[in-house]
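*Asks:* What follows is the residue order along each chain.
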Amino acid sequence: RDFNERCAQCSEVNWGLTDGGRFYCRSCHNVTERTREVVNTDFITNSRVQTISKGLRKQEKNDGGCEWYICEGFQLVLKKQAEALEALGVCPQMKDEILCNFWRCYLQKSKQAYCKRPAGETVKTLSACESSTDVDSDPERPSLLHLLSLSESDGDLQTDCSFASSVSKVSESTSVYSGSVDGSLYLMKNQKEKLRMTMPMTLSFCYMALLWLREPITLSELLRFVVEGHIPYLNVFQHFPEKMKLCGLDLKIFCVESWPVYEEVFNKMHELAAFLDLPRFPDITDSCFLHPDMLCMKYLMEANLPDELHNWTCRVVKKIGIGEVDFLTLMPGNKSTRKVKYDVLAAAVIVVVLKLLFLLDDHYEWLLSEFAEERNKNNTEGVPYFELKKWYEVVKHSLDVEQKKLDEERAKYLWRCEKPLFYSVKNKSKVLKRRQMVVNLQNQFGKLSGSVQRAEKPNPSSFQLSWSEENTDGSCFHGHSLKGVLQEKCGLLRAMNPDYWLCTVKLCNEKLCGHLAHYREVEFPQSYHFVLGLFSFLLRIQPSYIHDEVCMIEHKLFGKKLCKKLKYNTVLRK
Amino acid sequence: SSHEYKLNFKKSKEACLIYIQDALLQKQWKRAAEFLTCYVESLEKDYSREHIGPSEMIWRIGTEILWHHSQSNMKEFNCFMEQMKTLGVKRYLKVCLEHVFHLLCNGQIDEAYQNLSLAESWRFGEQTAIQDKEMKLIQAYRGLLDYYSWSKQKNILLEHGEDGFSDLAVEQEMHSYFRKAAVNLKEIIKIPGVWDIFVKCYVDLLEFYGDHNEARQVLNEYAYNSKFPANPNAHVYLYQFLKRQGESKKSLISALKILHDIVPSHELMIDFNTMLQKSKKRKKRRLGLEVIFAALDYAGWKENAKAWSCLARQVKQIVISEKHLDWIKQEWNSRKDWWPAFHFSRYLAKRNWQENKNLSYEKALVAGILLGKDCKYFKYVSHQGCKAQLKRFRMLKKFVNRHNPVYLRISG
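Same order as they appear, the protein sequences are chains U and B. Counting from 1, one number per residue, gives the positions in the first sequence under full-length UniProt numbering. Counting from 1, one number per residue, gives the positions in the second sequence under full-length UniProt numbering.
Treat the hints with care, as some may be off.
Said to hold, decoys possible - Interface residues of chain U toward chain B, partial, derived using beta-carbon atoms under 8 Å: (1) Glu257; (2) Ala411; (3) Arg434; (4) Met437; (5) Val438; (6) Leu448; (7) Ile541.
Unchecked claim - Capping the alpha-carbon separation at 20 Å, the derived lysine-lysine pairs in PhoX-like fashion look like this: (8) U/Lys389 - U/Lys377; (9) U/Lys412 - B/Lys30; (10) B/Lys350 - B/Lys379; (11) B/Lys30 - U/Lys405; (12) B/Lys45 - U/Lys412; (13) U/Lys405 - B/Lys6; (14) B/Lys75 - U/Lys447; (15) B/Lys249 - B/Lys283; (16) B/Lys11 - U/Lys404.
What the hints contain is simulated information worked out from the structure, not anything from laboratory work. Built from N, CA and C at the ideal position, the CB exists for glycine as well.
Please model the entire structure based on the sequences and the hints provided.
*Replies:* This is the structure we're talking about:
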């Protein structure tokens, strides 16, 4: 079942299935002898498959629900996410094949399905009254509070405590604690061994599939689409079928109460790729969207910077070798290479180029700008010289407006949905009453909000800031010329700026403290901070992450010179 | 705001509250409503660890918005309050009480009364005992509304009485309201607190029915019981009562003494000084001088001709008798550095003369004695007065000139 093998004819990894159930290479149509062994190729709740491996199970329970397993829930989530991505323009292959297969591989490796039920996996019935103060309790049986504390989601302990105490009196089967069959078991598992599935990890799966297919969506874009509601994540469980009842510990697993974090999704994705023993991912070449040259062009446009800067970004990329296929392509399990954040890397390259050309020490760049302004007065070439000051004013204004909008959106973000959540059947009526009151209040005050109603979520767009050359107010800088900051020497265009300041002389050990450098706004020039802030907004990540990449690039760029200088100094001293 | 791209439920709602707060402060009711709409889902989350939970927030914020928003009306408001009552059982009586206040502000006395009665009959296990204080307040306010009804009946009766009719039904109703009101008002004023309106009403009832002893006791308790917070009004009410009862000057003076200590600038200080001046006892007259000087230390009294006339009278009397000049010296000692600029500047002389001749007359007398005939104030006013050929000003000038040595003794 090694579908990851390269095609014998064309070395691509692009498999499809013939009607006869054989693999064929989509690129060259080479048919192999390999066949699929899985019974069901449809990406639905694979209850049948589950049944095969786990034996028969009851379909119906008293309340119209059925038995369901946590991983089935996640499977549904992934399906929904894949469908949404498809609607955004991602190729259908992602959903039907890549993601699907990654998921099955994961299930197999984590022994949740497609394998013989590991010994002792019959779901233990956790009986009631597991308070940690109970001396007589079986030490092997985990207390409910312990289970709740294991979970990563940031639910409040108070609700958990009240839930625990309200449930302690019942002594039925596992369904008391969760709607799913293995909810409690799920939280109990030793996560280090088996890479337990979480909601953020669903995004890791998506990103992994997107990367495999080299789709033109960066991780920061993906996460932004999630926050904007184009990809199901928050409250995705409301799309579970009626008979999959969610309650108790299921909530801890499926209810999300925070926006997904870039670092977390990114790191988990790499863990996952290694865990699944995936081979080298398809090559990221310079015609790929994720290649720094491409991404730099996009970000330059979005940042309203002159197109001419692209020459410079390409030069930097080439000089430090970050455009190489081997550098960019993911090799799971390889711990020695630094993992590439394509979007952050591209942004950092632009920052470095700006530093190269403008220095950005809160002084020189404004001098250059004034100089360009002077030259622009007598400019007969039809193309204005790029003035940093004008650019700053225009971009800062737009950025402030967008930031303000974003801040208001954060405050107005709605986290709950129509589907009620309750920890146990006992507090169901209370939850429903509360929900009803919330809806009433929302109606009452919603009417008083005046004409400002909650707008429909905006159409997903790849660009958050857009600048049109047709605007006559001169607010678009794409076509501006860099001649004002360059000078010709021996037929080559060089920066007028002869200096450069390093963000940090020595890089930290990332493995020890998590960062290559530590960014504190007060220690750096305002212009640098502004530029970091601009890309920080576009990518929706902390400025410090971009700063890390900038440091890394600078060290690659100037590393040799730095070493030489240090050596030279030591020689002198001797 | 700024560079924080992580977000969770709690932070999101905290940010929301800040926006609501800003909107409320700027009276942007629509905007406040907009953000409140987003905030209300906090009710579905447990905040039992926080000091103020979302239900209380929503109650208070929602009340403000509905009260001020142009598109809101009492019906919406009432509907909202009823919802809030069901939200937090620990706050039930407080919400009821505030609802009643709003109804009263809107002139809906009957609805307010109904709500109070309903609240009074509320029982909820141990909560009833815990919310005992609020219950007392509810009963007190119902008593107050009973008093109000009693008062209406009384007025009707008095009108009829003038015509010679007597309406038995009205009378009986009046007495019944009296009983209901008295019971509740009596209860609340037992608890240490500031109960001005309850005390006033209760005393009014007692006086009407002739129970002066009880009234006196109540007022004494209210004014002198150290458990009760210091309250100038308590002394005022006692004083007014004693005056109505025709009590002796001695008891009136003793009632006002503490008021002078607490609030030297109180408007009753004029009455106080007047009584003290006339007293035969030297100590009392001394106190009178102290009282009137102290009152005029306050900016609110600067243009009060009556106060100045009291001071002028007393100063004049002392100067003529040539006894107790040291009293004036003592009082003037701490004031001579700042009273001249505060009361007796040339600018004020001009203004006082233009606006209020009586005021300028009295002040000029005081200035002439305290600062001598050459002081700016006296010179200007007496000159103007003499120019206008007003007799009393000529007399004033003579008087001050004659007694100028006094000034030298005072200021020395």
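*Asks:* Go through the numbered hints given earlier and state which of them the structure violates, listing their numbers in rising order.
*Replies:* none
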